[in-house]
Structures are given as structure tokens and as C-alpha cells.
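Novice: Each chain, letter by letter, is given below.
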Amino acid sequence: MTALAWRLTRLGGRSALFSTGLTALAVAVATLLLQFAVAGNFAFAERADRTDWRNPVPAEDGSVIIATAVDYYGPNSITRIDLAQTASDGLAPPGLADFPEPGEVWVSPALADLLEDVPAEDFLDRYEGAVAGELGDDALAHADELVAVVGRDLGSAAMTGEREGADVVSPTAVAGFDSGTPDIAYGFYQILMVVATILMAVPVAIFGAAAARLTVARRDERLATLRLIGATPGQIVSLTLIETTLAAISGALVGTVAWMAVTPLISRIPIDGGPWFVADLWAGAPWMIAVALAVPILAAISALIGLRSVVISPLGVARKVKAKGLRAIRVVVFAVCVIAFLIGSQMVGGSEVLFATIMLGLLAACIAAMNLMGPWVVQMIGRIFARTARHPARMLAGRRLAEDPKAAWRAVAGVSLAGFIAGSIALVPMVQTDTTPKETETVAALVDAEDAEDLAALASAELDGLADVDLTDGVGDVAAGDGQQVLVATTPGEEVEHVRTILTTVLPGDPPVREIDATMLSNRLVGSIRVGVTVVLAVVFATAAVSAAISAIGSVLDRRQAYRLLHLAGTPQRVLDQARRQETLLPLAVLGGTATLTGLVMTAPIIGGMGFDASGVLILGATVAIGTAAVVAAGSLSRPLLASVMRDVSPQPD
Amino acid sequence: MMPSTTAPGAPPMLTARALHKHYGAAVALGGVDFAVGSGESIAVTGPSGSGKSTLLHCLAGIIRPDAGEVRLYDERIDVLSERERSHLRRTRFSFLFQFGQLLPELPADENVALPLMLGGMPRRNALGPARERLAQLGLAGKEDRRPGELSGGEAQRVALARALVVRPAVVFADEPTGALDRATGDQVMSVLLQTVAELGAALVVVTHDPVIAARCTRTIELVDGRIRRDDGSLAGSVRAGATR
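Protein chains in written order, with the numbering used here: chain V, 49 to 702; chain G, 40 to 283.
Just chain V, with the same shape it has in the complex (with noise of 0.2 Å):
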């Protein structure tokens, strides 16, 4: 049976091999795809699991002391970690050989070019040491993350002074570096890369399957051919589900090979302040064989589905009996979708955990629900462009979007999901604050309000008039607890890091802070956002484009008996290529608008709190004019098909 399937695949002639090429093609893209995003969740616990001996077990009797802070450096934060130990035992943090003798300062190579034309009174004179080398990778992120490692000794300051700040540790007796929590901003990042998923596989998943069908809608009348002389409906099942299974799996096979060979080039993009270690997107290699494995068993299924009415009636096809009307029921299943995830997004509570799942789950229904909408939206368009058209074009296409509505939704599916997504994601704000030093520039640290005029007529001394130094109840975000006080240094702007220097040698416990450094966090999370808004659109773009190709030179090849008789009966190409042009944009238009709309809805009461800005626009903005040029432009790529097929006037129609 395979070796028959083969043969008809090859004996099919150029348009057989053409659209089983295709299918592969198709299926390869959505292989590439459905691999990223798969890898982006691996990749997050990969940073996780390597930055968990940042803040390990506590354990009364270890001999390791650590605690961490956060540094910063004008625009920069620097992660430090503060190590001590009770006795030596060998133990060594992960990136270093040994355990960092006190005075030791070890850096990630992205902080020593950072430093490297730092004066020590600016930076490096707050870890009271000296720089003893660079940490290796399997510390770090990302190659780019900003960290020291402090070697110091037991009983000084830095190791005795509880902290505070937000996501640090203070100083902790731990047994070793083997297992630790995680930062939870992992937890965080991990909750978007699921939402980034789920935006891009949904798409992803229903071209794979639209490419999947593109075989099998080619051999309709042939498979029905040989169903009529008598091949059994099994046989027919078999036939078409190995040419198609063969195409998705060497579409598999190549798209898989082709993500591995991107992944150094995909490592580049920087989320959560630097590129990846390629390894960190392999991490889900295992996961990459389920995916390669996978999207051929999928493609296979879609095929099926696509089979039934070739199986069920071989003469309906042959034929070609009039299309059944859609039901309405497909609006209200989206409809009914949508008011549920607006109605869960009022209702916060309950488990967190639950809710997100539930939250990403009516998300993703009410994605799969606009595949189903579409079709019927596209059939009533056509409809009614059909009984009003008054010029050729417009009834062929008005015509065609009411018989074969699935198609035409396959043409612009792609795009509306983009604009839903890009309308889903467009408010989320996108503004980074600037965090240089101004003219005159405040920090502030936490003293204990015992200490706190011994500690200020210290600072002062060692500050010696570089800054004045003020105790106050609180400045910005750091306001003095029970028995607290805030010690507060007033400096020009360009001796702040001096100052900075200075008051961390002096002060135990967090460094001094500028008000604007805690935006240095949300700055991060937001540029990494605006790459991961970007990186989601671009695939979702790149779906949307290729699937528009695709069942544009599917529809040419599907219906080029219909366009050589018209060419034979002096039908302009022209009006052809306009009647083409309206079957697309017309949908794309009203479609495309309202998932872009459904998808601002949407989203609006849960982000719009977090406030507005234009980049939201721009980049809806964006979408709209891509999107509808990816589709114009995959139309005319299928122009000179068009015209290759309209001009083949060989005597034995197929």
C-alpha cells in the first residue's frame, strides 16, 4: 500500500509532487514554530534551575553563610552574592572552583567589561576587595547578567545585617549549593511564555492542519476516481493518510533539523536582560522528538477529518454537490467564549494557580473558537456580496466565499489570529522609565534606629562633604519600620555612585538606593515584554503570511479547470486577479477588524489597569498594514501560477 501511495504520489504528475511539497513545506514551518515555542518553556526553568543556588536551603549547622543584594550602577543592577564560611570544607559555588576567600570579588564577564573603566572609589570599592577572576557560565542567567560573588569574612557587616529589599536574601547558614527556590520572577516569566505559547501554537496548529488537508483536497476527485472503480473506503484511508503522513513526517524532519540549526541564531534574543546560552533551548531536547513526533500523528488526524466526505460519498465529490450551509452555533460557541474569559477576569480569587489555568485555557478556546466563527462570518459576507454584486468580479467572489467558505477563512486566518493577538497584547503598557542620574540625586538606606546617629555622623565623615546626610521617617518606596530610620545622602548627580561606594562600606544591610532603581526591575520585565510582544507577532506574522501563500496557490491549483474555461471564453486575467484580491481582503476586513477588536475587549479590564501608552497603538498600527500587505502579497505571488495555469490549454484536462 505505502509503495503504491508513493507511486501515485510521484506518477501524479508536477501539481501532485507540487502541493505534497507543499504540505511538507507548510508542515516543516509549523514544526519550526511549535519547536520554539515549546523550547521558550525548557528554557526559563534552565535560568531557574541555574540561579537557584542564588538562595538555597537554609540548614542551623551549614558552614557556608550567604546573602544577596542588588547593587546599582547607573543604569545597571547588579546582582551580588555574599559569601562566608564557618569552616572550610571544599564546598564551591557553582561557576567557581573554589570557595571565594574574603576579599575575593568574582565577576561575570559582562560586569567586568562593564567595570572596566569604572574607578574602584565608583563601584568596586563597595565589596572591600579585589577583582580574583570571572565566574563561569553554569552561575550566570545569561551571558549578559550583571553579578559578583563576594568572598568575606565571618563577622563582618555585610555578613550580620539583616536585609530587606525586595527578592534578597539575608545573610542565611546553608549547607551547600545543590537545590535552591528560584527567583520568582522565573514563576512570573513563566506564566507569559505559557500565554506566548498558546498565541503561537494555536495558530501554528490550525495551519499545520489547513496544510495538512491541502493533499487531500488535491486528490479529492482522483481518490474519488478510485473509490468509484472500486477501491474499498479503507483503502482510500490508507492511501491518502501515507501520501500525507510521508509529507508531514519529512516536514517534520526538516522543520525540527532547521530549528536546531537556528537555536544559536534564536539565543540572541534578549529576554530579562540578555541572550540565552544555546543550551538553555535545548534543554527540552526530549520534548523535541514529542513535537517531531507529534505534528505527523496530527497531520494525519487533520487528514482524516478531511477524508470523510471523499469516503462517505465518492460520487458528492466527483460531482461536486453543492456545500451545506454553516451554522450559526459557530458564533455563538465564540461568543460564548468570550464572555467567559471577560466574566473569569472579573472574578480574581479562588487558586491562583487554577485560575491562571483556567484564564489560559478559555484564552486558548476562544482562539480555536474563532477558527470556527470565521467560516460562517466568511459565508454570510459572501452571501450577501453574491445577491448584491453588480459587476463580475464581486459575484465570482461572493459566490465562491459562499460555496467554499473554509478556504477563504484559511486565506485570512492566519491574520485575523494575529490581529486578535496583537489587539490582546496592544495595551499592555511598553514604557520604560529612564533611570541615568540627574542633577542632584538622593539615596536612601535603612538603619536601625538605635545606631542610626551613630551611623550618620559616620557616613558623613567618610563622605567628607560629598554629600549631605539627612535621618528621615522615609523617602519614596523606603519607608522605616518599627525601631527604623532612613538615612539619607543628597549629592550631585555625578558623584552618586561615589557616595553610593561609600555608604555600602559603612552601612550593614541593603545598599543605598535611588528612588528610580526599583524601576530598574519593572524596566526589565517590560523590555522584555516588548521583545516577547515582538517575537509572538513576528511568528504569528510569519504563520499568517506563509498559510495566505499557501491557500492562495492552493486555490489556484484546486480550481484551474475553472480558471482555464474562463480564460478560454476571454475572461481578463485582471478581472480574475481583482475577483481573487476581493475574496481575501473582503473577509480579511471584516474578520481581521473584529478580532482585533474582540482581542482589545478582551484583554482591556485585566492590563488597562496597568495603564496606556501609544507603543500599544503603534503597534496595532503595525499589524493592521503587515498583516494586510502579507495578504495582497501572498496573492500576487500566486499570480504567475494563476496565469500558468489560465494560459495551459493541453487537450486532456485532468
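Hints in this document: simulated from the structure, not taken from any laboratory.
Listed next, with one range per pair, are the computed distances between beta-carbon atoms: (1) 305(V) to 65(G): 37 to 45 Å; (2) 237(G) to 431(V): 34 to 42 Å; (3) 118(G) to 375(V): 52 to 60 Å; (4) 158(G) to 578(V): 51 to 59 Å; (5) 118(G) to 582(V): 53 to 61 Å.
Idealized CB from N, CA, C, for every residue including glycine.
Following the hints, put chain G in place on chain V, whose structure we already have.
Specialist: The following block gives chain G in isolation, referenced to the frame of chain V:
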């Protein structure tokens, strides 16, 4: 020089001289002369691969001959641009094939109205004559049916209505009854011949079927791209003209 003398009552409308066409090394037409006049019907017969369809395509301006010329009245049509030939095919010629020439998504009346609309006529105006034609061919009440909902004979009559609605000068038919049973085929053929005669048009039919050929006013037989037999007086003069 083209022949100036023609059969009585049949001034030459479409003429061709010394048509040559090659597909690679294969000779499809090896010097064919041809003429058809108003009200005339010519059956082109011959074995498979003898060049019948190629002749039809050359005459209809679908493909260009490698050598020779085709004239509609006095106008050379083989030298026209693709756009001009498309216009010609749309306005002066009509086509009828074995099957599959109707657009499956259009109802019968729109299928018939399409050529008129392509000529710039608004749909409302085009549907009138289209439905009239359908009614004349016995398809009243079936205007809204899709081709898939019609029988083979009905679909062929819709195609016929479409071929005739533009009042063509020449109708080209390629095995027009090939997919129909004898009785239905005869019926379609009768309507075709009768309407062509009424319109004063010319008909060129490619067919294997001797019964159909016998109903035409003239038959020519092609073998290996050359005319082997021509039973009409007109062709005699054409041949004389060509060899002169």
C-alpha cells in the same frame, strides 16, 4: 491570396491559411487551410492526436500558430495581443466543451450571465437575457440551481445558453455531447444547430461521433495534422487558393 469565391449563402467569416503548429518535435498541424461561413456548421473529425483540438485552439485565438494566419472577416487575429484575443473570444466567439465549463459555485442564471457581465453589463441587465435563453432551452424554473444540482443534459444546455447569450459570430464546440447519452446528446445538438442557424453564426465542432458529423453541413477529417478529406465545395476552393 484568400479565396474570394465561396459556397452559395455562406460568405467566409473565419478563414485560416497554411496553419503550422509544433509541440516540441511533434507536429500538431502541418499546413491546414480552413474556412467557414455564416450559417455553416463544420465537423472536424479524425483520430486522437490528429490535431483537431489544436486546430480549434488556433482558430479561436487561444494559441498562436507557429506559421500561417487566421482571419475573422478581414482581420488577422493570430497577430493580436493576448488582451485583444481575450476580448475577441469574449465578444465574437463562444465555446462548448464536453463537461466542466460551468463554474460550480454560480447558479445557472449567473453562469449564463457571466459573459455579458464580463462585457461590462450590470448584473441586473445581464440576468434578463440569461434567463430568457435558459427558458428557450427548456430550463425555466431551474435558474437558481447550481451545476452540481443539474443533470448532465441540463448542465450542457446551461453551457449552451451561456455560449449563445453573447450572440457570437462563431461557436466552437469540442465533443459537446461526449458526456451525454444518445437521446440527450441529439437533443443538445439539435438546439445547437438550430440556434446557430437562427443567429447566422458559424459552428465548428470537434467530434469523434459520425452521427454528429453527419448533421453538420460539412465534415473535414484530420490525420497527422493535415486535412485528408473534405466533403465540402468550399474547402475545395480553399485548397485551390492555398496551392496557387
